[in-house]
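A.B. asks: Chains V and B are the protein sequences, given in the same order. With this note's numbering applied, the first sequence covers 1 to 364. With this note's numbering applied, the second sequence covers 1 to 337.
Errors might be hidden in some of the hints.
Simulated pairs of lysine to any residue, SDA-like, Cα-Cα distance not exceeding 25 Å [said to hold, decoys possible]:
(1) 127/B / 112/B
(2) 271/B / 157/V
(3) 330/B / 212/V
(4) 127/B / 157/V
(5) 126/B / 151/B
(6) 274/B / 197/V
(7) 271/B / 287/V
(8) 202/B / 88/B
(9) 271/B / 58/V
(10) 274/B / 215/V
(11) 92/B / 174/V
(12) 287/V / 224/B
(13) 109/B / 197/B
Since the hints were made in silico from the structure, they are not lab data.
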Amino acid sequence: MSVTVSERQAPSERQGVQPLVKLVGVKKYFPISRGIIFQKHVGDVHAVDGVDLEVYPGETLGLVGETGCGKSTLARVTMRLFDATGGSIFFEGRDITKLRGKDLRLIRRDMQMIFQDPYASLNPRKTVGTIIGAPYRLHKTIPRSKIKSEVQQLMELVGLNPEHYNRYPHEFSGGQRQRIGVARALALRPKLIVCDEPVSALDVSIQAQILNLLEDLQQEFNLTYLFIAHDLSVVKHVSDRVAVMYLGKIVEMASGDTLYMNPKHPYSGALLSAVPIADPDLAAQRKRIILEGDVPSPIDPPSGCRFHPRCPQSRAMSLAQGLGDQPHPRCTKEEPELTPQHPGQVAACHFPLPDRAVIAVDAG
Amino acid sequence: MPEPLLDVRDLRVHFPTDDGLVKAVDGVTFSIMPGETLGVVGESGSGKSVSFLTVMGLITARQAQIQGEVIFEGVDLVKLPKDEMRDVRGLKIGMVFQDPMTSLHPFYKVGDQIAEAILAHRKIGKKEAMDQAIDMLARVGIPRPDERARQYPHEFSGGMRQRAMIAMAVSLNPDLLIADEPTTALDVTVQAQILDLIDRLKQEFNAAVVIITHDLGVVAEHCDNIQVMYAGRAVEYGYARDIYYDADHPYTWGLLQSIARVDAPRTERLKPIKGLPPSLIFVPPGCPFHPRCPYVFDRCRTEVPQLLPVDGHHASACHLSLEDKERIFKEEVMVHQ
Chain V
1 MSVTVSERQA PSERQGVQPL VKLVGVKKYF PISRGIIFQK HVGDVHAVDG VDLEVYPGET
61 LGLVGETGCG KSTLARVTMR LFDATGGSIF FEGRDITKLR GKDLRLIRRD MQMIFQDPYA
121 SLNPRKTVGT IIGAPYRLHK TIPRSKIKSE VQQLMELVGL NPEHYNRYPH EFSGGQRQRI
181 GVARALALRP KLIVCDEPVS ALDVSIQAQI LNLLEDLQQE FNLTYLFIAH DLSVVKHVSD
241 RVAVMYLGKI VEMASGDTLY MNPKHPYSGA LLSAVPIADP DLAAQRKRII LEGDVPSPID
301 PPSGCRFHPR CPQSRAMSLA QGLGDQPHPR CTKEEPELTP QHPGQVAACH FPLPDRAVIA
361 VDAG
Chain B
1 MPEPLLDVRD LRVHFPTDDG LVKAVDGVTF SIMPGETLGV VGESGSGKSV SFLTVMGLIT
61 ARQAQIQGEV IFEGVDLVKL PKDEMRDVRG LKIGMVFQDP MTSLHPFYKV GDQIAEAILA
121 HRKIGKKEAM DQAIDMLARV GIPRPDERAR QYPHEFSGGM RQRAMIAMAV SLNPDLLIAD
181 EPTTALDVTV QAQILDLIDR LKQEFNAAVV IITHDLGVVA EHCDNIQVMY AGRAVEYGYA
241 RDIYYDADHP YTWGLLQSIA RVDAPRTERL KPIKGLPPSL IFVPPGCPFH PRCPYVFDRC
301 RTEVPQLLPV DGHHASACHL SLEDKERIFK EEVMVHQ
């Protein structure tokens, strides 16, 4: 399989197409304070630290990274559920960073969210009909008398039995609850749906059902997804483009296939080599890039490249240049920029991995 | 032939409830050899956890009707008195649970919790037990173990907590380690670390390991044998290679096809298993999988298929003929891999 820019990736390459969502230098810091009477500001959690991102209409952009890398925060900033500390958010070309009140509510019709935990994101005391109908009651897009029939249509659409309108969430299984979440997100016919780990709480057999449902709905309603997960195989399956995030920054972006064949950032390589493959031979053939330790604290992120304390590539380069078994000085001092690699691929690394660094064989 | 370490024969665990009898485990037979790694795969409610909680003696006759035999090193654990079972649990069989966030006590220091397990079984001093606990933390790859032992669980990350749980489970050098979904709550990178750790400890301690999971991808590299469970029964058993390259049961095919594979091209559509797992109170007659099986025929609706050998080692419980199964696997399942 050669590295080509697939047809599905085309929207991002098209000139003159306006991105649906555009993030410019978005930052989100959470302040940490000490003291009981006098609250003293002692530092910040750098959850998202300067992210530029464009999501084009009709595409699925996957966002992948470990726990604590800021991917959920980025999603919530994009949705305006958190206020950004810095940078701007554009939706259909309009700056929505500072929108408030009525204007914000209007824009929310166009962006909805599906949450990770189908047990915690549905109110246990409301019936399914009430939950799915809530967006209609809030936004008053259709008359009250029509809400029930509309909700039942939605339930049918996502594969739920419309007769279960009056049931409570606990009467449904995990997969069915996630369908309720999808129906609710779909109610106002949004343009953008942010899916925050929509399948990681589900069994694999049920995951597949939900992923297929999301794909069908995208076709039918021309939806744009921002799809967040920590499992690269799920993200790759649904996404046109995949962005890899580490400690509040995007370190690599490419089409799923390019990322699979030729990851350039050592962190992407490590993620790829950790993904379970249901094929013992193929799994044994790939090279393992084992990461040591956990993600460092985002309160005081490492200098230079944020990945340098865990980066095996940086150490290898340093050894090769006779500088000892330590991270390469360039990585500890100089912060790498996102630079073009293969067509449609950017990575922020001083010493990118060679081609086929993880999967050596042809997957063809 | 060497004696199996654990020999489970026709185990049935039924829970009486107000709605009826929940047949969580309904006739499971398997054995584990010393030093073997067995993967147990199935959806939620397939009875995989309940089987091993029963082996551990954590589900007892007070909660459920238990039938069958669990022979561990020549002794039937089901019939063992409570105090003798306590000597087996922890000392001979260690267990790691799914959720590292809730299985450590939040009020006690991690080192003390591990030392407590050691003190319960060994006649040694507190100081010595603490030293052993610190040594165990070091062996599971926790940096600065003496400092870490004095910390509380909330100061540990998810992966670190799971390491501490594993340290506790292997601290008494058990012959069998049961890991119940050890990585489901963790990131993929940490998941790989934990599975490698289990592999390494298995070599070091020369223990047999059971890994329970719902994801066939997770256990591909780590298991000698795999047992696939559905609705409280074993539907397929074989060497790992048998399951991935020569699967014989439509349910196993479904599991293989549901996985979003990182090595598959982007355009490929997943093939989920349709429907939901059955209620364990009203298990469908005949083959329990028949309502969801795309290859169902008359016999499946009436007759329960037995787990029969396909060849010497590999066994499956399905009425389809061998030729049909081979053809379907080659033509419909393997093409996607």
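A.B. asks: Flag every earlier hint the structure violates by its number, smallest first.
C.D. replies: Of the numbered hints given earlier, those the structure breaks are 4, 7, 11, listed in rising order.
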